[in-house]
Amino acid sequence: MTERVVQVEHLSRQFGKTTALNDVSLTLEPGLVYGLVGANGAGKTTLIKHLMGLLRAKHGSVKVFGVDPVREPVNVLSRIGYLSEQRDLPEWMQIDEMLEYLSAFYPAWDRAYVAELLETFALDASKKVKQLSKGMRAQAGLIAAVAHHPELLLLDEPSTGLDAVVRKDILNAVIRAVADNGRTVLFSSHLLDEVELMSDHVFMINQGKLVLEGSLEDIREQHQVLSVRFDSCNQSLPKIDGILAAERHGKQWHVVCNGNQAHVRQTLADVGGQVEHLRTASLQEIFVARVGRARQSEEG
Amino acid sequence: MQHLYNKHEVPVHIELSVRDGVPIYRQIVNQVRYLIASGQLDVGDELPPIRSLAQQLQVTPNTIVKAYDTLHAEGLLVKRHGSGTFVSEQASPLRKSEQRRILTQRADALLAEARQLNFSFAEVLELLEKRQTALDRIHSMEKRHD
Amino acid sequence: MQDVIRKPWLAMFWELWRVSRYDLLLRFGGAITMLILMAALASNLNDVESATFQSIVQGLALMLLSVAAVCSTTWMGDLDNQNTGYTFRLGFTRPISNFQLVCVPMAYSVLVAMVGYLSSAYFAQTIFGLYLPTFSVAILLGWIVCIFTSVTWASTHALEKLIGLFAALLAIIGAFALRHSFRDESQPILLAIGSSDYFRLNWIEYLGLALTATAAIAATVQSVQRQRYGEGLRWLLVPARVWQVVMENRALTTFTKRLDAWMHIRNPRGPLVAQFWFEARRSGHIVHAAIFFTLLAFAFIALVPLLNATWGGVHSARMWVGCILCCPLLYQILATDPLAGLQRRQGAAVLSAFDATRPLRGDQLMAIKLVTVGAWSTFGCFLMALVAALHTTLMGHWPYWEALLQSTIDLLPEHNVAASQLSLRNITLKWWCLGSCNLILVYFCSTAMLMTFVFAISKSHKLFAGAALLFFAHLGLWAWDISHGQPLKNLWWCYAYLLPILALLASLYLVITAIHARILSTKYFCGVVCIWIAFLTTTWLISSKLSSILPEVELEPVVYLWLIGGLALPFATAAAAPLAHAAFRHS
Numbered sequence: 001m002t003e004r005v006v007q008v009e010h011l012s013r014q015f016g017k018t019t020a021l022n023d024v025s026l027t028l029e030p031g032l033v034y035g036l037v038g039a040n041g042a043g044k045t046t047l048i049k050h051l052m053g054l055l056r057a058k059h060g061s062v063k064v065f066g067v068d069p070v071r072e073p074v075n076v077l078s079r080i081g082y083l084s085e086q087r088d089l090p091e092w093m094q095i096d097e098m099l100e101y102l103s104a105f106y107p108a109w110d111r112a113y114v115a116e117l118l119e120t121f122a123l124d125a126s127k128k129v130k131q132l133s134k135g136m137r138a139q140a141g142l143i144a145a146v147a148h149h150p151e152l153l154l155l156d157e158p159s160t161g162l163d164a165v166v167r168k169d170i171l172n173a174v175i176r177a178v179a180d181n182g183r184t185v186l187f188s189s190h191l192l193d194e195v196e197l198m199s200d201h202v203f204m205i206n207q208g209k210l211v212l213e214g215s216l217e218d219i220r221e222q223h224q225v226l227s228v229r230f231d232s233c234n235q236s237l238p239k240i241d242g243i244l245a246a247e248r249h250g251k252q253w254h255v256v257c258n259g260n261q262a263h264v265r266q267t268l269a270d271v272g273g274q275v276e277h278l279r280t281a282s283l284q285e286i287f288v289a290r291v292g293r294a295r296q297s298e299e300g
Numbered sequence: 001m002q003h004l005y006n007k008h009e010v011p012v013h014i015e016l017s018v019r020d021g022v023p024i025y026r027q028i029v030n031q032v033r034y035l036i037a038s039g040q041l042d043v044g045d046e047l048p049p050i051r052s053l054a055q056q057l058q059v060t061p062n063t064i065v066k067a068y069d070t071l072h073a074e075g076l077l078v079k080r081h082g083s084g085t086f087v088s089e090q091a092s093p094l095r096k097s098e099q100r101r102i103l104t105q106r107a108d109a110l111l112a113e114a115r116q117l118n119f120s121f122a123e124v125l126e127l128l129e130k131r132q133t134a135l136d137r138i139h140s141m142e143k144r145h146d
Numbered sequence: 001m002q003d004v005i006r007k008p009w010l011a012m013f014w015e016l017w018r019v020s021r022y023d024l025l026l027r028f029g030g031a032i033t034m035l036i037l038m039a040a041l042a043s044n045l046n047d048v049e050s051a052t053f054q055s056i057v058q059g060l061a062l063m064l065l066s067v068a069a070v071c072s073t074t075w076m077g078d079l080d081n082q083n084t085g086y087t088f089r090l091g092f093t094r095p096i097s098n099f100q101l102v103c104v105p106m107a108y109s110v111l112v113a114m115v116g117y118l119s120s121a122y123f124a125q126t127i128f129g130l131y132l133p134t135f136s137v138a139i140l141l142g143w144i145v146c147i148f149t150s151v152t153w154a155s156t157h158a159l160e161k162l163i164g165l166f167a168a169l170l171a172i173i174g175a176f177a178l179r180h181s182f183r184d185e186s187q188p189i190l191l192a193i194g195s196s197d198y199f200r201l202n203w204i205e206y207l208g209l210a211l212t213a214t215a216a217i218a219a220t221v222q223s224v225q226r227q228r229y230g231e232g233l234r235w236l237l238v239p240a241r242v243w244q245v246v247m248e249n250r251a252l253t254t255f256t257k258r259l260d261a262w263m264h265i266r267n268p269r270g271p272l273v274a275q276f277w278f279e280a281r282r283s284g285h286i287v288h289a290a291i292f293f294t295l296l297a298f299a300f301i302a303l304v305p306l307l308n309a310t311w312g313g314v315h316s317a318r319m320w321v322g323c324i325l326c327c328p329l330l331y332q333i334l335a336t337d338p339l340a341g342l343q344r345r346q347g348a349a350v351l352s353a354f355d356a357t358r359p360l361r362g363d364q365l366m367a368i369k370l371v372t373v374g375a376w377s378t379f380g381c382f383l384m385a386l387v388a389a390l391h392t393t394l395m396g397h398w399p400y401w402e403a404l405l406q407s408t409i410d411l412l413p414e415h416n417v418a419a420s421q422l423s424l425r426n427i428t429l430k431w432w433c434l435g436s437c438n439l440i441l442v443y444f445c446s447t448a449m450l451m452t453f454v455f456a457i458s459k460s461h462k463l464f465a466g467a468a469l470l471f472f473a474h475l476g477l478w479a480w481d482i483s484h485g486q487p488l489k490n491l492w493w494c495y496a497y498l499l500p501i502l503a504l505l506a507s508l509y510l511v512i513t514a515i516h517a518r519i520l521s522t523k524y525f526c527g528v529v530c531i532w533i534a535f536l537t538t539t540w541l542i543s544s545k546l547s548s549i550l551p552e553v554e555l556e557p558v559v560y561l562w563l564i565g566g567l568a569l570p571f572a573t574a575a576a577a578p579l580a581h582a583a584f585r586h587s
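Listed in order, the protein sequences are those of chains A, B and C. When we follow our numbering, the leftmost residue of the first sequence carries the number 1, and every step to the right adds one. When we follow our numbering, the leftmost residue of the second sequence carries the number 1, and every step to the right adds one. When we follow our numbering, the leftmost residue of the third sequence carries the number 1, and every step to the right adds one.
Hint data in this document are derived by calculation from the structure and do not stem from the laboratory. Among the hints, erroneous ones may be present.
The calculated lysine-lysine pairs, modelled on DSSO-like cross-linking and capped at a C-alpha distance of 27 Å, are [as the list claims (entries may be wrong)]:
| id | chain 1 | residue 1 | chain 2 | residue 2 |
| --- | --- | --- | --- | --- |
| 1 | A | K168 | B | K66 |
| 2 | A | K63 | A | K127 |
| 3 | A | K58 | C | K462 |
| 4 | A | K17 | A | K58 |
| 5 | C | K462 | A | K130 |
| 6 | A | K168 | A | K130 |
| 7 | C | K161 | A | K128 |
| 8 | A | K239 | A | K209 |
| 9 | A | K128 | C | K257 |
| 10 | A | K130 | C | K257 |
This structure is a prediction, so every number in the text was calculated from the model and none was measured.
Let the hints inform the model, and build the full structure from the sequences given.
Dropping the structure here:
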């Protein structure tokens, strides 16, 4: 059994009356890429901040590299690379100054890698952060995040608002960290296609709760999309355990279900439905089904 | 036998689809198989290293590892420690059966489609023959042109 | 609410009110509190010749309320706005005419200034019987606000704005001075403006005000129109061109580039050094401030003797000593805010992620921040002292310094034999060292306290506002108490005993919490203890020396309590500063 990079147990967090995290438990094993998906405000950033010790675990516990990140910030933060959507870098600094400054904090700072990345991105290192465009800022932040080959790379919505070129730069850096050094990566994203390709393991979080967790293949195997045809148009679908979401197109229903498929098919047949087509669901469909359903149940 | 595995790295053309419903590593396995079967990858050709293929396809490296492992277990690839992944010698006898397998899949698809469109088997055969003569004619015209 | 807002200009008004209401409350609340304090003090000093005194109070009150009214528009500067020029750039995308875009916020700020002044003037009148001129001053204030706002909005370049504001200020002061000289007042100005007829304007003056205000608004509308489609209106073409030429000058650019390169960090020795460099660069504006204030002090001290014959070397020496002693406090305040590293995001203060993710412990970060403040203050103080020394040497004023110090020592009461023997010459080096050591330590602790306050205030405005309210309420109560023969004497005694005990308990609690939460590491804690012991020792030595000089006095036990509480406070702040920082870093 290898050492767990991150172990979160029963973590809950409230900001005023809103619940940002509700009894979340998860572990990250080394060498894997973890995708964190969830709607806006689902608690992704809150979770990532807890891992860096930027929020203190009030209920539950957070262990990163086996220690509490709030109690041992030096130990934990020097082994983490972090890139956030905000990319708040000090505006007054030049890129080369910033990199030089950061190198003091990380013994493993790789100057050759920094030079290579600067050349790949065609970044002018003598520019001030203030003068950088959004994409360049992300690239500078990325260099700052990966130059010390961190054991854990935390990317909080790294691709939001970026063009395809910079997105690819970010993903390439992630691939390199995992392929060459066996590092662990946790990244949150809205782009489900990206998550589907880039992650080995997915956490789906909704309104602070971890609603789905598993390797991408397991998740996809567990979720199926059925096309069901009914004889009449106004047939309503009965409530069946295992059906996450259903959408009607005339006589045809698209049903996303998980788990006990035989039971679902049997029940559908009982009410006169004829299963025409069956395939595994994409992450997009699973996400819409899971998150949408949770919203409906809250309204209902 | 060492000389077999010294060839240059061959660029592989693989396209992935998220909507396909087939796991990503499965798609890679199938397409590498096809590349070997169709002769685009020859015995002794080196496959791209994990990182560069992952960067090319923008997928997590572990998916590539899994795909290569599967192909390795099937005997299509061999791993040379420290030098890379190559198409194995065992791939060549497999090639014929692999080709047959791919063609069988296409034939199945054709027959299924024919049934859906209410074509009889005899009609399908007739159509195949017609297309064959048409393609032959085009082929010979092209040759004369050259 | 939605039913009422049917017109764009009403919506704009509502938006302005919504954005500015707390700031306005703060400004006028502050002014009125000051007024109350002033009135309370004034009622205590009844024995002064009353008519003159009354008009002095009225003059002061008038100035106070006027300043509050004119400053009531400064909240616009806090708006999230990168550009100079027109402030409400969001309005550019809305279907509103340029005229409305200028006039509605302008009318709002003018009205706020006028209404604010009028209401506080009436308040002063009904509560304290201060008869302040109302409408004429209100109109004058509105006019001033209008002129300043126009200049701010119409200028699209920082230099233009600076020159414009300065020119407007000069023009307004000039106009008042002219008017004052024509009135042929016999009284000094502070007495004169308190009298009720001073601001009674005639119709020509009103016409002048109206015409200048209209012209200013018209020019602003023109400028805003150009700003709306992205062009600036260069009011001052020549200075702007000069500025451009100067900034693009090759010698200057190579100089600034060299300077930049020199300030670059190269192969930092370790995280602490790198962080120190970072903090120092971040608060680098202290260099400008130090140079500016030093030059200001120098200009003042060097120029005044030319204008005023009675200004002698004694005054110069006094000024220099005052400047040298006060400037560290100034730099402390100026440096603390940027060093705290707080950013405003969505109305809440947060520590930027870049700062928060530095792999350094909170106490290390805090120590570096404190050292940085200390370093900048030392630099500023040294600069000031250097210029002072140069000036004094050139003018040959050193004897005045000696006399000044001796006269300070002579202030000690001469009941004692030791005191009469004490002169500047026989204070040994030991005592100079002890004294300066103690001062430095006090400075260090006060910086930590200030930093803690910056964090604490940003964390919970409500708590702080409550505390401030309580404090001001007590001030009012105290003023009332004094003027009514001290019926609340026992309450103050209670406080006198309670406060130091509370301070002690709070200190103890803070230190224990910080150690328990591992925010104070052993190393840092030992350092703090050492510094604290040094502080105690120097204080003890100095006070024992002083007590041998000073006459014996019977001290009440409460004084000792205060002493203990006061001595514990620096120790507590050492724990409180990292704790306050941690409250942001790990919320």
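Verification of the supplied hints:
1. Simply put, K168 (chain A) and K66 (chain B) have alpha-carbon atoms about 22 Å apart, close enough for the 27 Å limit, and the pair holds.
2. Straight-line distance between C-alpha atoms of K63 (chain A) and K127 (chain A) comes to about 38 Å, which puts the hinted pair past the 27 Å bound.
3. In summary, the hint linking K58 (chain A) to K462 (chain C) is supported, as the alpha carbons are separated by about 23 Å, within the 27 Å threshold.
4. A threshold of 27 Å between alpha carbons decides the hint, and for K17 (chain A) with K58 (chain A) the separation of about 15 Å falls inside it, so the pair holds.
5. A hinted pair counts as satisfied when its Cα atoms are at most 27 Å apart, and K462 (chain C) with K130 (chain A) does not qualify at roughly 34 Å.
6. Distance hint between K168 (chain A) and K130 (chain A) is fulfilled; the C-alpha atoms sit about 23 Å from each other, no more than 27 Å.
7. For a cut-off of 27 Å, the pair hint linking K161 (chain C) to K128 (chain A) stands: about 26 Å separates their Cα positions.
8. As the CA atoms of K239 (chain A) and K209 (chain A) are separated by approximately 23 Å, the hinted pair is consistent with the 27 Å bound.
9. Proposed proximity of K128 (chain A) and K257 (chain C) is supported: the alpha carbons are some 13 Å apart, at most 27 Å.
10. Pair hint K130 (chain A) plus K257 (chain C) holds up; C-alpha atoms about 17 Å apart against a cutoff of 27 Å.
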